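Peer 1: The listed protein sequences correspond, in order, to chains E and H. Be aware that the first sequence starts at 1, since it is given in full-length UniProt numbering, and climbs by one per residue. Be aware that the second sequence starts at 1, since it is given in full-length UniProt numbering, and climbs by one per residue.
It cannot be assumed that every hint is accurate.
Covered by chain E, according to a simulated footprint, are these stretches of chain H (three or more residues, beta-carbon under 8 Å) [claimed, not checked]:
no.	region
1	37 to 43
2	56 to 70
Chain H stretches covered by chain E per the calculated footprint, using a threshold of three residues with CB under 8 Å from any CB of chain E [unchecked claim]:
no.	region
3	76 to 84
4	195 to 206
No wet-lab data here; the hints were simulated from the structure. All values reported here derive from a predicted model rather than from experimental measurement. Built from N, CA and C at the ideal position, the CB exists for glycine as well.
2 protein chains.
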Amino acid sequence: MSQSPLALFVDHQFTSPYAMSVYVSLREKDIPYVTERLDLNAQQHQQTAYRHQSLTARVPTLVHEGFTLSESSAISEYLEEVFAPPAYAAVYPQDVQLRARARQIQAWLRSDLMPIRTERGTDTVFIQPTATPLSAAALQAAEKLFRVVEQLLPAQASHLFGNWCIADTDLALMLNRLVMNGDAVPERLKIYATQQWQRPSVQRWVQEQRT
Amino acid sequence: MSQSPLALFVDHQFTSPYAMSVYVSLREKDIPYVTERLDLNAQQHQQTAYRHQSLTARVPTLVHEGFTLSESSAISEYLEEVFAPPAYAAVYPQDVQLRARARQIQAWLRSDLMPIRTERGTDTVFIQPTATPLSAAALQAAEKLFRVVEQLLPAQASHLFGNWCIADTDLALMLNRLVMNGDAVPERLKIYATQQWQRPSVQRWVQEQRT
Ligand SMILES: [Ca+2]
Ligand SMILES: [Ca+2]
Ligand SMILES: [Ca+2]
Ligand SMILES: [Ca+2]
C-alpha cells in the first residue's frame, strides 16, 4: 500500500455530519491524510476545480492517488476495501447481515428524519445550541428515531453490532442533535449517544478549531 | 445456496424508484422471489408487523430466510454479497474504483436533486405525465444532473462503467423523470436513458400492472 497522504475535503467549520463520518473512518483506520477546508459560505465548493473533482460539488470528497470520490458512505466503503481489515481497523461489521444492517442505517440517516436535520442543524451540535422548541413534525421524526434505535440497540450494549462500526457514529450524531439541545431523549439512548461521543476519533472532530 | 423464495415488499402501484432498483437487481441476478404489495395510501407500511420487519416503515424491504432488510442500496449490496458473481450476474462493478463511483451515484441520487424528485414524481413516469412546467429550482437541479452525467458518461457509451450496473438504472430513472414529461434533456443523455429503459429487467417493472 502506498503511503502518499490522502486528502479529505471538509467544510471549513467542521460541521458537515458526512465529512465527520469519513473523518472518523480515516482516524479509526489510522490512515495518514491531510484536511482541506472549503468555505461553503464563500461558495468554495462551487468552484470549477472542486466541482470537477467531486462531480456533485458536495463535501466530503476524498482524494486517494488521483482518484477522487464523494458521498460519505461510498467513501467509507472504499476505505474499507482499500485499507481492509485485519491490516487496518474495520469500520463495517464483518458479518454479512450485520454489514447490511449498518448500510441500512447509514442510508436511512441520509434520506429520512428531515425535520430533525433541519431544526437541529449540526451547528447546534458543534458550535451553539438552540433554544427553539421542536415542531410537531420534528417530534414525530424523533419518535421514529427512538423507536428504531430501541429496536436495534441490544440491552446493555455500547454498540449496535457488538463492536463499534461507522453506523454507531452516524446514529449517535443524529441522537446528539437532540441530546445536545436539551430535547427529550430516552435515557438508554442518551447514554448510548453520549458514550459514542467519547470515542477518541469522534472527539478529534468535536475538538477541531472552528473559526 | 438455499432455494427458498425471497420476498420483496414494494408499493402496490409499483412507483417507488427504490423498490424498482431492488426489483431490477433481483431480476438481473435471476433470483426467485415473490412480490408483496403494500398499499401506502392505506398506510399498510405503518402497520406494526411491517414496521417491525422494516424498522423504518419504508419500502422496499427484502426478506431472505428470516432476515429482513430495508434501504434499496443496502439491499442490492446484500444481494451482491449473498448471490455473488460470477455464479450470479453482477449488479455492481468489480473494479474497486468503479464500484466506489457506482455507490457515489446511488447515494447522490437518494439525497440530492429534491426539486426534480418532487416536481417529477415517479407517478409521472409510470402512470401519467404532467404538463406543469419545472420551477427555477428544478431547472437548476436538472442542470446539475446534466453536468454530472456529461462528465461521467463516456462518449458513445451505453453504460457508465463499461458493463451495466444498478447505478445505470437509478440514473436513467432520474433522467427519465424529465424525458418522459417532455422536459429539455441533452440528446446524448436522452438516448442513454431511453436505451437503459429498454433493458428487460427494467421493462418488467415498467409493465407491471398498476391498479
Ligand atoms: Ca489545507
Ligand atoms: Ca450472519
Ligand atoms: Ca403477494
Ligand atoms: Ca482500479
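Peer 1: Next step is simple, just say for each hint if it's right about the structure.
Peer 2: Comparing the hints with the structure gives:
Residues of the region 37 to 43 of chain H with a Cβ under 8 Å from some Cβ of chain E number 0, which does not satisfy the need for three, so the listed coverage is violated. Check on the region 56 to 70 of chain H: 6 of its residues sit with their Cβ under 8 Å from a Cβ of chain E, so the three-residue criterion for coverage holds. Only when three residues or more bring their CB closer than 8 Å to a CB of chain E does the claim for the region 76 to 84 of chain H stand; here the count is 4, and the claim holds. With a cut-off of 8 Å between beta carbons, the region 195 to 206 of chain H has 0 residues touching chain E; three or more are needed, and the interface restraint is violated.
Violated hints, listed in ascending order, are 1, 4; each of the other numbered hints is respected by the structure.
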